[in-house]
Structures are given as structure tokens and as C-alpha cells.
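Asks: Same order as they appear, the protein sequences are chains A and B.
Per the numbering used here, the very first residue in the first sequence carries number 3; after that it's consecutive.
Per the numbering used here, the very first residue in the second sequence carries number 139; after that it's consecutive.
There could be a bad hint or two in this list.
To be verified - Simulated restraints on C-beta separations:
1) B/151 with A/604: 55 to 63 Å
2) A/3 with B/276: 49 to 57 Å
3) B/166 with A/479: 47 to 55 Å
4) B/167 with A/90: 45 to 53 Å
5) A/479 with B/288: 52 to 60 Å
6) A/367 with B/379: 43 to 51 Å
7) A/479 with B/232: 51 to 59 Å
8) A/210 with B/341: 25 to 33 Å
Said to hold, decoys possible - Residues of chain B placed beyond 12 Å of chain A at every Cβ, according to the derived structure:
9) 156
10) 159
11) 337
12) 353
Said to hold, decoys possible - Covered by chain B, per the in silico footprint, the following chain A stretches (three or more residues, Cβ under 8 Å):
13) 238-245
14) 537-549
Derived by calculation from the structure, the hints in this document are not laboratory data.
By construction, the Cβ of each residue, glycine as well, lies at the ideal position given by its N, Cα and C atoms.
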Amino acid sequence: MKLDAKIPSGPVQDKWDKARFELKLVNPANKRHHKVIIVGSGLAGASAAATLAELGYDVECFCFQDSPRRAHSIAAQGGINAAKNYQNDGDSVYRLFYDTVKGGDYRSREANVYRLAQVSVNIIDQCVAQGVPFAREYGGVLANRSFGGAQVSRTFYARGQTGQQLLLGAYSALNRQIAHGKVKMHPRTEMLDLVVVDGHARGIITRDLITGEIRPWAADAVLLATGGYGNVFYLSTNAKNCNVTATYRAYKRGAGFANPCFTQIHPTCIPVSGDYQSKLTLMSESLRNDGRVWVPRNKADLNKAPKDIPPEDRYYYLEERYPSFGNLVPRDVASRAAKKVCDDGFGVSKTGEAVYLDFATAIERDGKPAIEDRYGNLFEMYERISGENPYKTPMRIYPAVHYTMGGLWVDYNLMSNVPGLHVLGEANFSDHGANRLGASALMQGLADGYFVIPYTLGNYIATEYTGEVSTKHPAFARAEAEVRERQRKLLEIGSKSGSSRKSVDYFHRKLGKIMWEYCGMARNAAGLQKALTQIPELREQFWKQAYVPGGADELNPWLEKAGRVADFLEFSELMCHDALYRDESCGGHFREEHQTEEGEAVRRDDEFAHGAIWEYAGVGTPPTLHKEPLEFENVKLTTRSYK
Amino acid sequence: MDIKLKIWRQSGPKQAGFYEDHRVVADPHMSFLEMLDVLNEQLLEAGKDAVAFDHDCREGICGACSMVINGNPHGPRAGTTACQLHMREYHDGDEIVIEPWRAAAFPIIKDLVVDRSAFDRIQHAGGYVSVGTGSAPDANTIPIGKRESDEAFDYAACIGCGACVAACPNASAMLFVSSKVAHLSLLPQGKVERKVRVRKMVAAMDAEGFGGCTNHGECSAACPKSISVDAIALLNREYMFAGLARD
Ligand SMILES: Cc1cc2nc3c(=O)[nH]c(=O)nc-3n(C[C@H](O)[C@H](O)[C@H](O)COP(=O)(O)OP(=O)(O)OC[C@H]3O[C@@H](n4cnc5c(N)ncnc54)[C@H](O)[C@@H]3O)c2cc1C
Ligand code: SF4
Ligand code: FES
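Based on the provided sequences and hints, a complete structural model is requested.
Replies: Structure below.
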């Protein structure tokens, strides 16, 4: 596997300018002869599809939802960062860059992050021009707030539904190109394989989710903007249908998977209430701006109503442990701190896995209307789910899987090691290192789609494009046959399993438990070894007992699910291999063997200041490791301290 | 709690549908869709075909979930999608009837799953500001009053679920279309193309076979984002204005 990050030379501030000048252009008249496949219509996919179509490319865009507007990006709540410095509070491109590299615990690539911070300012301009109704001040200018881990107010937001408003903006740009005939949109169509011809990504195989039709598509380049794989844990804040299939199948076709174990656990989610739980709901991190996190100091108070516990008997553990950042410490730090107090027996729910997030101080200080204006819809959502009124009693929260920093390896141009295969948004590994800062995923998705890929894709086409390929090439027939065979096998298990049959969810839940237990908020070598023996056993059971009703030629949600869970059952092993290999604690990856006496993470820069990129070697065979060394020319590696 | 269910089953767009009876034991903390998951798990473990329904985010924002519950699109609770509904709304022994959205413009695909692509096509017709990537001025160049911006937001909150159509005796899409029109025409960025937009979107709506609006107001009552019927009045004004004025 050849990994060349293609980082432009020169000072970090000049790299993107230099690249934009050096990247080759495609003649405008020729662009329409180049077909580009984009899988995904979330922020990354929709923005890329719209922008590439505006430039003149012939775009085919796919998503599995019934409308591109429903992509998982729609659910983002809190906001999007940009180094606009509208608040004059000391922000700058350099500071956003610095915060992101530090927040990622020094496991991301400086050049990519700097570019992200640079283009962040253009994103806000673009979205406002599309009609995105960001929050405003009375004077008519845009409002900002500070968001988890940042000491400046650089987050733009749209009530509690920033993701929906940004996605509607990108979707409207996409619609305009659909209307012009420049994008052909294929909703309810799932990519089931990547087709590689002579080493280049030249197409995909899809299943029409309504008719079941399986068919090949050829193109000059393939872009995956298929989101993250947090649902490998079964319970996560991701939408139910998010999955790893697209990137995992690309991995099986030779694309390197980078840092798969880097998972973000979000500190403020509504706790699990029972075995039937199907997903976890995030309560936006913005709540930590005004909410104070605590648990009772004495176990004797655990059964008391929170209002009956006097202030001196409350342990505001974030404020005490991290006086300078308090409730605003980054996500990984806040999550582990919650786990610690709960592991120590101070959890405040039946399950023992919850802490309080209390708004009483803020309501007293700013008045209920101000809090309602800021968080009204979040409070309502909380009440609907939990049955408790957060204006009157503290919320109960617990960490949950939320985001995956790992993803397919890409170079500076967002191209994987398979030429022609580009990866955007949460699906790639590039910008967040071992931990993502709040409000940075939306920024990255839109940066990749609106402002990076339009430049870099042209360079691939101008310099490496190998000429037209049609679906008649035997590689397509081979991939298609494999997809059909796999589908046949999935449908066949049910007819053989008889009364031992189990639903696909049964296996998914079991896998989730293994992953949460051994590859979740805290990991250790012994646990990971255990997971590595349990996963193959579970996978074997799945292929004997999973019951998939219905047929191949109709809408069959159970067949869709079975295919995705089958991939999770292989992919989870890759995550555990990576977590086992990375014998250090960094960001969201906390290896219990590497912590200070106070329980803070200990990085091992001498041995692990690199991306770990894995090459597929067969199901059940340990993957092959490759490394991309990370060089830090601008940011000094220090121990992250939020004390 | 013991719940009796009467669920619409239909194997495909052309097949006849029917109600099927089921029983399920639910927990009051479960969401409505989790109750359906439990039912489906029972069906699957018995080797039967489970009930198909659209869902994704399960937090009331993607607009995928779509079912009529005891006659109400998204169920009994105001401003709440089916996925956010919880079983604590119900009592032991209750009977719940579950059906798909019913509208000529939303053909049934299977069980509770319908085809809402008509909504996308209405938006292709003009639900955007014509601004290419890269050509935007600085975001603070045009100040927008907080009130105007908040009002536009109230309409932009539409999640495109189609409950308004399902609730309307005429299966009209007016609330959906008007919320889209209102969002953009209230903002300076959207004003430039407001006349063309409203004409094109209304024409596209009519072409999709949605019914006309006769002011029942059921749409707004069913809307999980509580979009106000004022949107419809605004659309009518925009439409008249677009008809009278010359471009
Ligand atoms: C509850 C929640 C709140 C969040 N809040 C914030 C926030 O406030 N700020 C922030 O910055 N980030 C936030 N995030 C993270 C952020 O929303 C996501 O990381 C981001 O939206 C991902 O965008 P994307 O375009 O990469 O992928 P997605 O939006 O996940 O889109 C993936 C697309 O790929 C398609 N797809 C996937 N696989 C296939 C396949 N095999 N075939 C066909 N199509 C496929 C899907 O249909 C979809 O269109 C939040 C995340 C969650 C879960
Ligand atoms: S107007 Fe309301 S009911 Fe209609 S589609 Fe939008 S959110 Fe759904
Ligand atoms: S599942 Fe997304 S709104 Fe109900």
C-alpha cells in the first residue's frame, strides 16, 4: 500500500494557496464529459454534488434515505465553527487551527487542519447566501456562542437544529442542480460495492431499495461521503440507518482504513432506560455553557430528590477537577469524568449510569425566558423522552457513542490510496485526530464538499485519469456477482435456521455490548483480546441463525439491515485490532494501562505520533499495518491540560 | 402494559391492503417506534415478515417516520413526531390503529412506507436561492433583523414529513409548500427570486396531484413542528403579488 500524503511544501499558512495554484485544472468544456459518482447526500455529499455540478461535471448522487434532506447530518444540533472573529474576542484562523490540533490530541495532520480553519470563514458566507437562518443579534448581525473546549465564541448556530438548516441549504443547492439536469439523484439506492479497474476506482454496484434491482455504475471518479460508523456499538446518537458498508467495502477493495478505533463518546446524552432501547439521544453540548454537572457527594444522598441536596453536598466534579475550563472541558475529558464518578458508585439513576446537568444557577442568573430562548426545543425534547421537566429538576445525562474520527485514509487532496476514490466528511479520517471538537464536523463536511474537492478532483482527472471505462468491463460483472451471492446467502440463513432463528437486531445488540464493554470509553489489552475472540464467534452464529424475511426483489428493510450488520461484524474486529495496537491513551482512545495517578490520559508520542492505516487481509485474518508519521512544525506537542 | 395493535399491511403498491391484529407488551418509557421494534422482533423470531415503516433519526428531525396513529398523523401529542411519542401516553389494554399516510400523491410502497418524492420534485422547481459556491459576500454584509430572521426560521423548521398532507381532507400540500416559500421570501437573500419561485413551486405542487386548500387547518394541528397556517396566507399573498407584478 502506497501512502503519500501529498502535503504541499512551505509554511502552513501558504500550503493551500500553493496547492490551489499547482493543482491542475480541467478545461471547462471537458468537465461535462467526466462523470462523477457521489455516494452520500449529507453535508459533505450534497455540498460536493452541488458544487461539482456547478463547475460542469456530470454528477450521479446516491443515498439510501427517501430524500437527500434526510441524511444523518440533519440531526446535528449545536452549531458550526468558523474563524470569523465577529466577536473580536481573539479568534483567528491560526487559533482555530491550533485548538483543533490540540483538541485532537496531536493525532491529526497539521496541513489539513490549517486549511479547514482557513475555509471555515467561506462556509458561513455561503450558507447565509443560501438562506440559512443562523441566529442573529437584535442589530441584525450574526450571533455566536462558545462551544465545548473553546475559549472564544466562534460557533454559529440555528436554534437547536443547525444541522437541519445547513443541510437544507446544501440540499437546496443540490436541488438547483437537479433541476438543471446536472445532478441525477438516486434516493433509496444503496451502494454495496466499489468497482476497481486497473487499480483505479471506476464505479459502484448498487441495490435499488424499492425494486431490489442490483446494477453497476461506471464513472471517472468515485466520492464517498457516507458518514460515520458509530452504530457499530448498536446504541449511539447516530440515526438508526447509519452504517459502515460503503467505506468497509472500499476497504475490502484495497482502500486503507485509518485509526478505526478513534471513537468519540459524547458526554451529554439521555441515559439508557431499558433493554428495548433503540438509540440514544444527544442533548446538545451547548447545554454545558449554562448547565452545571454534578453528582451527590455522599452515597446516602443518592435516593434524595436533587433539590433536597444542599450545595455543599454536591460534587461539581468538572468545576473542581478542571477549574479553568470547568463544565466546558472537551468531550473525551467530560465523558471519562462522568464514567469515573458512576464507576465509583455515584450515578444518579436506577442503572447507576447518569449524572445531573443542572440549570438552576443559570435560570436564577438570566431568567427563565433567556434559558428558554437558548435551549427551549432541547428542554422540550428532553421532557418528551424522559418525562421530567428540566426547568424544575436537573437533567440526567450519560455519555454515548457519537462520532467516529477514524475513517478511510485520504491524502491532502482527499483521495484515498486507491486512485480516483475520494472520501469526504465523517467518512474520512483527516482532520480531527483522536478527538473532535464540538461544532467541527459540520465545518469539515462543508469544507470538504464546497471548498476542497472542487479543486482537488480536477487535479486527479487532469493528471491521473486513465480514459473511459464502461460497465461492460469484467470487473463490474465480478463485483456484481459477489454482491448477488452475498445477498443470496443472507436470505438463505433464515430458511435453514428453523426455530433457532434470531432477528438481525439480536446480533447487532450483542455486538454493541461487546464493543461498548471492551472497545468503548476505556479499553485495555485483556478486554480487547476478549473482544477479538468473541466477535468471530458471534459472526459465525449470525451466519447460521440470523433470520431475514421476504425476498430480494422488493422493499426489504430486514435484508438491508442484515447486510449492514454483517459488515459491522467484520469491521468491529478491525477496530479492536487498532485499539489493541495503539498502546497509548490519546483523545477518545483511553487505554487504561496509560493514565496518570489522577486518571488523565497519557500519550506516547515517541511511539505513536502517527496515523495507523490498515490494509485488508481477509475475513478473520489480522489486517496489515501501515503508518503515516505525523510531523508537527507549528504546534508544540504538550500534555493537554484543562485544569 | 398490554397493547392491542391493528396495523395496516400491504405487500406492494398494487396489492390490496388489510388490517392485521397484534398484541405487544410495552414499557411506558419506550418510544412508540421501540414498541413497534418489539413487535417486529416477535414476528421475526416466529419466522414471519415484519412491519415495514420509515424511520431514521428517531429524534424528530429527519422527517422519515410517517404513520397515522388512531386517526392522527404522528399520534396524539401536539408538536411531536411518531418517533418522539412515548408509550407513557397510553394505558394498559389500549387499542392502537396504525396506518400509512393516505394521499394520492404519496403512493404506498409497502405496509406503512409511502413514496414522498413529490415533495422533492416541488423543491427542484424553485426551492432555492440561485447562488453558486464561492460567490457569496461576507455573511454580515446584509444585516437581518432578529424578528425577521426568527420568523423565517419558524417556517424553515419544516421537516418535510408530509403529516400536513395526511391530515388534510383534500390531501393538500399547501402547508409544506408555503413554509418553504415563506422561509425564503422573508429573507433578503430569497427575495430576489420570490415571484418566480412561488409560481414554479405552486405549479409543481398542482402537477403532483395534491388537493386544493379549503382552510380546514388540520395541517397545522398535525404538524410536528407546529408550522402556523399563517404560512398559507403568506403564500397566497406572494402568489397574487407574483401574478400582478411583472418580473
Ligand atoms: C445527534 C448528533 C448531533 C450532532 N451535532 C453536531 C453539531 O452540533 N456540530 C457538528 O459539527 N457536528 C455535529 N454532529 C456530527 C455531524 O452531524 C456529522 O458528523 C456530519 O453531519 C456527518 O456528515 P456527512 O456528510 O459526513 O455524513 P452523513 O450526514 O451521515 O451522510 C451520509 C450520507 O451517505 C449516505 N450513505 C451512507 N452509506 C451509503 C451507502 N452504502 N449507499 C448509499 N448511500 C449511503 C446516506 O444516505 C447519507 O446521505 C452531530 C451528530 C449527531 C449524531
Ligand atoms: S409543514 Fe409540518 S407537517 Fe407538513 S411537511 Fe412540514 S413539518 Fe411535516
Ligand atoms: S425518525 Fe426522524 S423524524 Fe421520526
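Asks: Now tell me, hint by hint, if it's right for this structure.
Replies: Evaluated hints:
1. Distance hint check: the CB atoms of residue 151 of chain B and residue 604 of chain A are about 59 Å apart, consistent with the given range 55 to 63 Å.
2. Against the hinted window of 49 to 57 Å, the Cβ-Cβ separation of residue 3 of chain A and residue 276 of chain B comes to about 43 Å, which falls outside the hint.
3. Separation of residue 166 of chain B from residue 479 of chain A is about 54 Å and conforms to the stated range, judged on CB atoms against 47 to 55 Å.
4. Distance hint for residue 167 of chain B and residue 90 of chain A: a CB-CB separation of about 47 Å, consistent with the stated range 45 to 53 Å.
5. For residue 479 of chain A and residue 288 of chain B, the Cβ-Cβ distance of about 56 Å falls inside the hinted range of 52 to 60 Å, so the restraint holds.
6. Distance hint for residue 367 of chain A and residue 379 of chain B: a CB-CB separation of about 46 Å, consistent with the stated range 43 to 51 Å.
7. At about 54 Å, the CB distance of residue 479 of chain A to residue 232 of chain B agrees with the hint of 51 to 59 Å.
8. A C-beta distance of roughly 29 Å is found between residue 210 of chain A and residue 341 of chain B, which places it inside the suggested range of 25 to 33 Å.
9. With a least CB separation of 17 Å from chain A, residue 156 of chain B remains clear of the 12 Å interface cut-off, as annotated.
10. Under the 12 Å C-beta cut-off, the non-interface status given to residue 159 of chain B relative to chain A holds; the minimum distance is some 19 Å.
11. The beta carbon of residue 337 of chain B sits about 14 Å from the closest Cβ of chain A, which is more than 12 Å, so the claim that it is off the interface holds.
12. The Cβ of residue 353 of chain B lies farther than 12 Å from every Cβ of chain A, with a closest approach of about 27 Å, so its non-interface assignment holds.
13. Residues of the segment 238-245 of chain A with a Cβ under 8 Å from some Cβ of chain B number 3, which satisfies the need for three, so the listed coverage holds.
14. With 1 residues having a Cβ less than 8 Å from any Cβ of chain B, the segment 537-549 of chain A misses the three-residue criterion, and the hint is violated.
When each numbered hint is compared with the structure, violations occur for hints 2, 14.
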